[in-house]
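Asks: All chains, full assembly: derive it from the sequences and hints.
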Amino acid sequence: MVLLFAVLLIVTAWVAVFSALESKRQDALNSEVKQNRNLARALSEQTLRVIATVDQAMQRVNRARADEGLVPQDLVRFANETGLAPRILVQLSLIGADGRLMGSNLDPTGSKSAHVDLSDREHVRVHLQQRDRPAAQDSLFIGKPVLGKVSQRWTIQLSRALRDAQGHMSGVVVASLDPSYFEQVFATVDLGQSGSVTLVGQDLNVRARIVGGKPSGMGEQLPLTALIAPYLKQSEGNFQGPSSLDGLLRSFAFRRVADFPLFISVSTSIEESLVDWQADRRVLLGLCVLLTVAVAGAALIFVTGLRRLERSHDALRISEAQAQAANQAKSEFLAAISHELRTPLTSIRGFAELMERRLTEERFREAAGLIRKGAEHLNALLSEILDLAKVEAGSMSLLQMPVELRPLLQGSADFFALSAEAKGLHVSAELDPALPLELVCDGLRLKQILNNLLSNAIKFTSEGEVRLRATRLERELLIEVIDTGPGIPRDKHEQIFEKFRQGDAQVSYQHGGTGLGLALSRALAQLMGGTLNVESEPGQGATFSLRIPLDQA
1 MVLLFAVLLI
11 VTAWVAVFSA
21 LESKRQDALN
31 SEVKQNRNLA
41 RALSEQTLRV
51 IATVDQAMQR
61 VNRARADEGL
71 VPQDLVRFAN
81 ETGLAPRILV
91 QLSLIGADGR
101 LMGSNLDPTG
111 SKSAHVDLSD
121 REHVRVHLQQ
131 RDRPAAQDSL
141 FIGKPVLGKV
151 SQRWTIQLSR
161 ALRDAQGHMS
171 GVVVASLDPS
181 YFEQVFATVD
191 LGQSGSVTLV
201 GQDLNVRARI
211 VGGKPSGMGE
221 QLPLTALIAP
231 YLKQSEGNFQ
241 GPSSLDGLLR
251 SFAFRRVADF
261 PLFISVSTSI
271 EESLVDWQAD
281 RRVLLGLCVL
291 LTVAVAGAAL
301 IFVTGLRRLE
311 RSHDALRISE
321 AQAQAANQAK
331 SEFLAAISHE
341 LRTPLTSIRG
351 FAELMERRLT
361 EERFREAAGL
371 IRKGAEHLNA
381 LLSEILDLAK
391 VEAGSMSLLQ
401 MPVELRPLLQ
411 GSADFFALSA
421 EAKGLHVSAE
431 LDPALPLELV
441 CDGLRLKQIL
451 NNLLSNAIKF
461 TSEGEVRLRA
471 TRLERELLIE
481 VIDTGPGIPR
491 DKHEQIFEKF
501 RQGDAQVSYQ
511 HGGTGLGLAL
521 SRALAQLMGG
531 TLNVESEPGQ
541 GATFSLRIPL
551 DQA
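The numbering of the sequence shown is the UniProt record's numbering, which starts it at 1 and goes up by one.
No more than 27 Å apart at the CA atoms, straight line, and that leaves these computed lysine-lysine pairs for BS3-like:
(1) K459 <-> K423
(2) K492 <-> K423
(3) K447 <-> K499
(4) K459 <-> K492
(5) K499 <-> K373
(6) K447 <-> K423
Each pair of labels, with its calculated beta carbon distance range:
(7) R308 <-> Q410: 52 to 62 Å
(8) P230 <-> N80: 42 to 52 Å
(9) V295 <-> A325: 39 to 49 Å
(10) S244 <-> G83: 28 to 38 Å
(11) E494 <-> L316: 18 to 28 Å
(12) A229 <-> T12: 43 to 53 Å
(13) R490 <-> P433: 29 to 39 Å
(14) A329 <-> E494: 17 to 27 Å
(15) G286 <-> A325: 56 to 66 Å
(16) D314 <-> S455: 38 to 48 Å
(17) E494 <-> T12: 42 to 52 Å
(18) A298 <-> E22: 27 to 37 Å
(19) K24 <-> S244: 28 to 38 Å
(20) L249 <-> V289: 22 to 32 Å
It should be emphasised that the hints constitute simulated quantities derived from the structure, not laboratory data. C-beta atoms are modelled at their ideal positions from N, C-alpha and C, and glycine is treated no differently.
Replies: Written as structure tokens, this is what we have:
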């Protein structure tokens, strides 16, 4: 049972720990997802503000071109009014319908760049090849990072088709953005050593990326995997999977930049996001291991002790059985010896009494009297031994018959009146009027108990009185023998009921006796279903209380 409880406790502890760890792990992952989604949303808004501001300047160029009011210096003014030039907006350029540079905010007339041909650039070519499409289908094109022929800087190209008043295509306006600006903004976000923020187009080309706080992989083409493909049509989302960057298992969150073909992707390493959880896991597992060891050790110690205790109990039971068997054998032996000795003692007593009567010489009669008294004493002793042996052997049976209670009690007190008067003592009987007239009991054994108690009281009391008091209680008969003797120390109260034991050696020397009377009296009381106890203090006399159930007396 103890081992089962220990196993259940250990299993419960481990289940609770693993449940708590799994819950904390999910909380950590959910917290990471929430953080990445919020960051993707915030960085998307930041990117949108930049692109929208630049696109507004490009549309101003388009309107001025359509109204035929565009002059070279307008490119400088429009670029400066965005507040982004020259740090973010590196160049605002005007491309003619033939694909040649007409001017920019860096070279308003185009003379410095010799009207370089840009028709081969993707962000220009995409509009020139579709010059016949309706103006309503014009949209902002966001190209891949390129090295500018005029600015000689890596830039992200934003371009729009220009229309004249009749709606015919008249050129292309191009805004060149510095991708390092986005990298610097992304680097301000602490995502750990493996965390990354990526500005990527719907074409999966990386416009800007930060990994572990450092720029990485600008212009890189990401592979179209089965993990990424479903999310390209969504405006935002999150997922977990291995990164094409380094193969690490990451938690991704992405958000589209408004309606533009751009996404902000924020990813963090699952392993790094679970660092605190791993620390808690080690602590909890360590504590659980300690608890397991402690519970298992305690259970083992308890079971070992319990088994040792059971072995001790078994040994004690065997010893007790052996002792009881030995005591039974001793009692049977004493009973047999007492019975065998009684016949010769009776003969000795009879011949001594006969000699005491017939001898004429005084000294011979005295000798015969001493022999008679010794034989009577031995006979009484053998009777007590025989009775005690029978009780212990369980062979004594009670003779249950109606007994007149008052005459029995009064007769016991009167029997000792003469011997008490010889010592100057007074013996009295105090009988409760509510006592029953008759009791069904073994009157001989009840009288034997009373005689032993009264005899002892007179023997040990030198002055005063001895009282026999009988009281009817609710369900039992209480008989008390009260004396004014020297009293008995409290630590000797149980000792005097042991066989062959008296209060001390001095008592045995002064008053004689074998120490069997009280032992036999208590044994008889218990046989009758009652108890025999004493209450006494030195110098205050003693009260021996015999309690016998009325329905078993």
